[in-house]
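Student: Kindly produce the complete structure, drawing on both the sequences and the hints.
Chain by chain, the residues run as shown.
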Amino acid sequence: MTITVKKVSLKRTASDQIYLPAILKGLVTTARHFFKNTLTKGMGDVDTIRYGEPDVNVEDYYPQRFRGVHRLMHRDDGSVRCVACMCCSTVCPARCIYIEAEDRGGDEEKAPKSFVIDELKCVVCGFCVEACPCDAIRMDTKAHMHPTETRADAVLGKLDLMKRGTQSVAHQGGVGADFRTAAPKADPRFEHDPR
Amino acid sequence: MHASFFATLLSVLRRGMGPWSALLLPWVLTLGACAKDPAPEQVSVRAEPGSLIFHPDTEPLPIEVVNHGKRPVPVQGFQITGNDWSSFSIVEPINGQMLVPGRPLRFSVRVDAETFRGGTLPSAVQGETRELGPDEFREGEAVLAFRVGEETHEVPLTFEDPSWVTATLLPGLLKVVLLVLGFIMPLASLLLWQERKQSAMMQDRVGPNMARISLGGLTIRLWGLLHIATDGLKMFFKEDFIPRRAHRAMYTLAPIMALVPALVVFAIVPFGDALCYERLLDVLAQADVDQCAAGRGGTPLQIAHIDVGLLFYFAIASLATWGATLAGWASYNKWAILGALRASAQMISYEVAIGLTIVGALLVYGTLEPHALVHAQLDSAWGILLQPVAFVLFFTAAIAETKRAPFDLPEGESEIVGYFIEYSGMRFGLFFLSEFIEIVFVSALVTTLFLGGWALPFEMFGASGFAAPWVAQLFFTLVGLIIGATGVAVWRASKHARFVGATMLGVGVLHVCVALFSLMTGWGSEVPHVVVVLVGMLTWGVKVFVLCWLQLLIRWTLPRFRYDQLMSLGWKGLLPLSLANIALTAIVIYALSAAGTIDPEPTDAEGEAAAAQLGATP
Amino acid sequence: MADTTPPKRSRSSATIPPLAPEPPPPMSVPHSGPIPVAMGPDLSPVDAPAPHAPNLPAEPIEGEDAVSMTIDGEVVVVRKGTNVLEAAKRLGEDVSHFCYHRGLSIAASCRQCLVEVEGMGKLQPSCQLAVQDDMVVHTKNDRVAQARQDMLEFTLKNHPIDCPICDKAGECTLQRHYMDHDQSLTRVDVAKIRKPKHKDIGREIVLDAERCILCSRCVRFCEELPQTGELTMIRRGDREILDIADGHRLDNAYSINVVDICPVGALTSKDFRFAVRAWELRATETTCPGCATGCSVELHSKHEQAYRLVPRFDASVNGHWMCDEGRYTYKELDPATRTRFASIDGRQLPIAQALAATAKRLQGKKTAAVFSSTATNEANRALAALADHMGADRFVLGRPPGKADDLLRDADKNPNTRGAHAAAGEVRHEAELSLQIAGRAYEAVIFLDDEGEVSGVVRSSLSSLTSVILSDRRNALSDACTIRLPAASWAEHVGTYTNRQGRLRVIRPAWRPEDDRHPRAELVRELLLALGGRDIGTAREQARAVAEEYEHEELLALLTDPQPTRPRLLRFGNSRG
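Chains as they are written, first to last, in my numbering: chain R, 1 to 195; chain A, 1 to 618; chain C, 1 to 577.
Bear in mind the hints are in silico, worked out from the structure with no lab data behind them. Note that the Cβ used here is the ideal one computed from N, Cα and C, for glycine as well. There may be inaccurate statements among the hints.
Said to hold, decoys possible - Pulled a few chain A residues facing chain R out of the computed Cβ check, cut under 10 Å:
1) D204
2) P208
3) V530
4) I554
5) W556
6) R560
Claimed, not checked - List of simulated lysine to aspartate or glutamate pairs, EDC-like, C-alpha gap at most 16 Å:
7) C:K270 - R:D103
8) C:K199 - R:D103
9) C:K366 - C:E443
10) R:K36 - A:D204
11) C:K80 - C:D65
12) A:K495 - R:E53
13) C:K197 - R:E108
Tutor: Written out as structure tokens, the structure reads:
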């Protein structure tokens with residue numbers, strides 16, 4: 001492989017110094033965009049999603065990984081999946097999650113007594129979802145937080161969050177926990193990296 | 001000639017519009033078959049101006065008899081008849097001379113104003129009369145008649161003594177309404193929206209589009225054009241905030257000080273040649289229009305006819321600096337006053353460059369009066385051709401004068417706190433509006449100084465209409481095609497815009513129809529005066545609008561200067577260049593006049609040449 | 001091998017004579033007569049050595065006891081009899097271990113601390129291996145690393161890995177070792193052994209046998225420190241579990257120590273269970289105010305709320321341990337009962353106005369100054385200055401005596417009895433205070449602290465005289481007083497106690513006192529100034545004077561530069577246990 005060195009002169013030429021050619025070039029570029037977007041069908045290169053237009057459903061445009069309002073998932077018996085491990089509230093850069101733990105009873109032991117998210121503080125980074133070891137918190141609702149009359153209305157409690165949630169198909173506690181009751185073959189898909 | 005013209009047109013259409021051209025084909029063929037070459041009349045003699053109006057202080061008025069035909073004819077039988085025939089007299093009579101095409105015969109008519117002094121006038125009370133005062137004149141009229149062959153031509157001679165109201169106030173109000181309310185304010189408001197929409201289009205965004213009116217199921221959106229109204233409403237209903245320690249009087253005065261100069265300078269801008277309001281439907285010659293422009297029987301389409309108009313502009317425009325400075329000082333805000341300092345320094349620096357660039361144009365055209373300046377451009381060539389450097393310099397400096405990007409250091413929207421940081425509501429709105437009015441003014445001034453004012457290019461449209469019928473046909477065809485094609489594009493762009501698109505297409509088709517009409521009848525060179533005036537004003541408006549668009553384009557294309565770069569551009573760039581421009585212009589003019597190529601006092605050299613060619617003697 | 005039986009300590013169990021029950025108040029006795037001055041408690045220093053710690057850290061040494069050896073290519077000289085693990089720690093090599101603890105005997109059961117010794121074929125447990133001259137040890141080579149990883153894999157084989165619900169997560173030794181030495185995925189595809197979970201085994205302790213890694217630290221603790229021996233290992237192999245003996249419960253007075261020494265979350269404290277995650281806590285090195293022993297502790301708090309006290313190693317006072325009773329002293333710091341603003345006759349006032357009003361009321365009145373054996377030396381000294389200025393009679397009030405034992409607990413439940421009496425000088429007997437107040441002998445009384453028991457009769461009398469209390473929380477006594485000044489609690493300021501050994505114990509602030517709360521020494525100083533007394537200096541200056549008097553280098557450094565001793569986030573404090 002040969003490396004070729006292209007020498008570029010940094011000296012300002014006369015046309016650089018009078019600015020006009022470059023300015024004209026720029027004007028032509030912007031004018032091209034202007035005319036293209038103004039006169040062609042569908043507004044040319046404009047990719048804006050017309051949020052708020054009556055016939056536009058923004059959810060159609062959102063990608064799969066779009067992060068919307070949080071929700072809390074359910075167990076098979078309808079109780080909350082969350083075990084109040086505080087990973088989400090710890091990792092939350094906005095400190096918008098407040099959890100109080102209680103004894104659930106049974107071998108799962110721990111459950112959130114209160115699970116509060118202040119959606120006004122939330123920066124929608126999705127770290128809480130990443131941190132959750134139980135698939136308990138998700139942001140896949142594709143819903144924006146709606147404007148509220150008061151600030152307090154934007155603070156969602158456990159029941160509000162669970163109302164948006166559904167039963168999760170993920171195995172509670174991951175595959176490893178399953179070894180305690182059954183002995184399936186190791187799942188090759190389980191490539192959880194502890195780091 | 002016509003066949004080849006149509007063939008070319010068709011190929012252009014086919015290339016530009018593809019299958020659409022097939023639809024036009026039968027039209028074109030039919031009309032091509034119907035087309036006739038209008039036979040020019042052999043003799044067409046006119047007196048220019050077609051009517052003479054005298055005022056008490058009028059000097060002897062020149063009048064020309066012009067042959068627009070192709071054959072020389074004798075003119076004779078000059079006489080003055082009518083009620084007050086004795087008060088008028090012909091100076092240097094030309095009875096019995098041969099009138100050669102292209103070589104008009106010139107003489108003058110003098111009035112003895114003293115004969116109209118005294119006597120009675122109908123009073124305001126019905127049926128009564130009153131004695132005239134010592135300085136009043138009664139009206140009088142006569143007819144100047146002459147014969148060309150068997151045909152008798154009559155030129156009405158009128159003596160009138162208009163009052164201040166009829167001579168100054170009413171025309172002034174009319175022009176203020178026409179210009180300020182009819183053009184500047186709508187355009188400035190439009191620019192409020194256009195700036196946002198145009199920038200959006202340039203940056204692949206949507207821009208303002210949500211304002212709409214719903215009337216019983218019909219929703220009018222017009223690309224968010226109604227944002228103009230919503231913005232205005234918003235500004236009126238916002239809190240009118242005055243900082244506690246601000247100087248209330250000065251704080252209130254500042255936006256007015258910014259707005260008023262921006263409006264007042266429009267007084268010198270000619271937005272048309274002249275309006276002869278007594279002969280709106282006649283076909284007038286340039287001499288008639290000139291007479292109206294002098295205020296006899298009409299009014300120049302320029303609010304204030306000031307001999308040193310451009311100096312007036314400098315005087316008033318400097319006052320706009322007060323608005324900015326006062327706003328910054330009166331706000332009691334350290335950032336505001338820093339912004340005001342930047343604004344005043346910048347405006348003063350660039351005014352120097354503006355003044356010096358105009359000197360070049362002054363040297364070439366020999367006048368500072370904008371109306372005369374436009375005429376001088378029409379007589380020679382547009383300023384952009386004779387003074388291209390001055391055009392660039394002036395446009396640059398004028399943009400800097402409006403304090404907008406790339407020169408928006410006094411107040412940089414979201415980035416730089418400016419002199420009106422404390423203003424809100426309609427006070428802020430006034431600053432905002434005056435900024436856009438300044439844009440319009442810069443465009444108007446550039447149009448006047450460098451782009452031939454109200455005139456269409458290539459002298460294609462004069463006082464009596466198009467230079468020739470084929471010019472009219474070409475013009476209407478091209479304009480019609482452009483408007484029509486734009487209409488089609490607009491129709492296709494958005495379903496909300498179909499009404500507008502269809503309207504534009506209709507207008508375009510109308511233009512093409514006019515072209516076809518002209519093609520068939522030979523119409524075009526004789527247009528009623530009112531249409532001429534409207535076309536002139538429309539032309540001026542389109543030029544101004546395009547320049548406004550260009551300014552917005554520049555504002556959203558170029559990045560902002562640093563303040564030191566701004567200053568060095570002004571003082572080390574524009575100022576020396578404008579000085580060099582003055583020197584170069586002066587040298588060229590001196591050299592050309594020394595070589596005899598140009599005459600400092602131009603005469604009708606072409607007419608002389610034509611007469612010599614025909615071998616006729618005066 | 002280390003001595004597993006703690007030496008029998010001999011000390012007089014009657015250091016403070018049991019106070020006589022409150023005599024019936026002689027209401028008829030007028031105040032005119034001289035009030036008899038009662039003798040204070042016997043305040044001679046007590047010789048109370050810390051619990052025996054068999055494995056002390058290696059110290060540099062010279063002489064014939066010195067043993068020179070090579071660890072990872074570096075020569076280290078330590079005392080003869082030191083184990084290799086401690087010797088390696090001297091070099092900064094932290095040999096991973098589960099079952100070894102400095103305060104306990106050595107079991108060498110976890111096999112996590114295996115090191116390679118040249119000349120010995122098999123890897124050796126470094127905790128059990130005494131140093132020898134010219135020994136060459138490798139703690140970091142591949143063989144040792146592999147052994148550690150293998151041992152961790154064994155340990156994790158039946159561990160439930162329920163870190164999300166485990167209270168130990170964040171300060172767990174197993175987590176730390178996994179992150180340091182293993183970090184591999186599980187290869188086990190057989191079912192894990194089920195064992196009892198959340199089993200209530202005592203007053204304070206919950207056992208999760210699945211999480212237990214069978215290091216037997218807790219068993220050894222119960223055998224060696226409280227010598228009660230409730231815990232034991234039953235069954236064998238991978239069915240082996242920790243359990244209590246039939247009919248017994250883990251109810252000894254030091255039971256929560258097993259939670260601290262448990263390297264995993266097998267033993268958890270009921271009080272701390274699910275309360276907060278360890279990594280959210282901040283640790284403040286301070287002193288337990290629960291009794292005259294003055295154990296070194298860490299106060300763990302979050303957002304100005306305390307969650308637990310854990311012992312901090314102090315060779316001279318408490319070793320590695322502390323009692324269950326002392327752990328609950330943090331409950332005094334409950335934010336719900338804090339006194340936040342000054343109140344006079346039930347009306348809330350800004351502190352400056354309240355102090356001025358208090359001084360005005362106290363002016364010229366016959367006053368009783370009640371010192372407190374729960375307040376700091378600085379506060380008591382400041383009150384002494386005030387009492388001097390006002391000519392007040394002096395009393396010392398404190399908590400009533402409680403249970404004692406030979407290990408750490410003292411019958412005197414006040415942290416600063418010695419300091420308070422030293423500051424007060426000659427005092428009247430505590431019992432007389434009630435008598436005099438009920439008998440209207442004083443027009444005003446100043447309580448330095450709200451601890452101490454007074455009868456209902458006295459409390460009702462307090463409302464009729466100018467009774468000032470410097471209170472950090474609401475209780476019966478502080479509510480009975482007419483003037484309540486908000487004082488900073490022991491978790492909010494720098495101060496000193498003098499414990500039963502005569503040692504200076506330092507308390508440090510875990511958070512700033514919020515609202516109008518100020519250290520008692522500051523409040524007394526302001527009162528003194530308002531009454532026209534001399535300036536005795538701010539609380540800090542007084543603490544400095546105390547530190548200079550005792551030549552307490554640590555406190556001096558703390559007062560000079562508080563930065564290194566600020567509360568430290570446990571998230572970065574690594575694991576305990």
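Student: Can you verify the interface hint for V530 (chain A): is its Cβ closer than 10 Å to any Cβ in chain R?
Tutor: Violated, because the Cβ-Cβ distance from V530 (chain A) to chain R comes to roughly 33 Å (cut-off 10 Å).
Student: Does K366 (chain C) pair with E443 (chain C) here, judged by a C-alpha cut-off of 16 Å?
Tutor: 5 Å, holds
Student: Quick check on R560 (chain A) please, does its C-beta sit within 10 Å of some C-beta on chain R?
Tutor: 14 Å, violated
Student: For the hint on D204 (chain A), just tell me whether its beta-carbon gets within less than 10 Å of chain R.
Tutor: 4 Å, holds
Student: For the pair supplied as a hint, K199 (chain C) and D103 (chain R), is the alpha-carbon distance within the 16 Å limit?
Tutor: Within the cut-off at roughly 13 Å; holds.
Student: When the nearest CB of chain R is found for P208 (chain A), is that gap smaller than 10 Å?
Tutor: 12 Å, violated
Student: Quick one, is the I554 (chain A) hint okay against chain R at 10 Å, beta carbons?
Tutor: Hint on I554 (chain A): holds, closest Cβ of chain R at ~7 Å, below 10 Å.
Student: Next pair to validate is K197 (chain C) with E108 (chain R); report whether the Cα-Cα distance is within 16 Å.
Tutor: Between K197 (chain C) and E108 (chain R) the Cα gap is close to 10 Å, so the pair holds against 16 Å.
Student: K36 (chain R) and D204 (chain A) were given as a pair; does the straight-line alpha-carbon distance stay at or below 16 Å?
Tutor: 9 Å, holds
Student: Does D103 (chain R) lie within 16 Å of K270 (chain C) when you go C-alpha to C-alpha?
Tutor: Holds. K270 (chain C) to D103 (chain R) sits at ~11 Å (cutoff 16 Å).
Student: Keeping to a limit of 16 Å between CA atoms, is the pair of K80 (chain C) and D65 (chain C) held or broken?
Tutor: 5 Å, holds
Student: Holds or violated: are the alpha carbons of K495 (chain A) and E53 (chain R) at most 16 Å from each other?
Tutor: 14 Å, holds
When the structure is compared with the earlier hints, violations turn up for hints 2, 3 and 6 and for no others.
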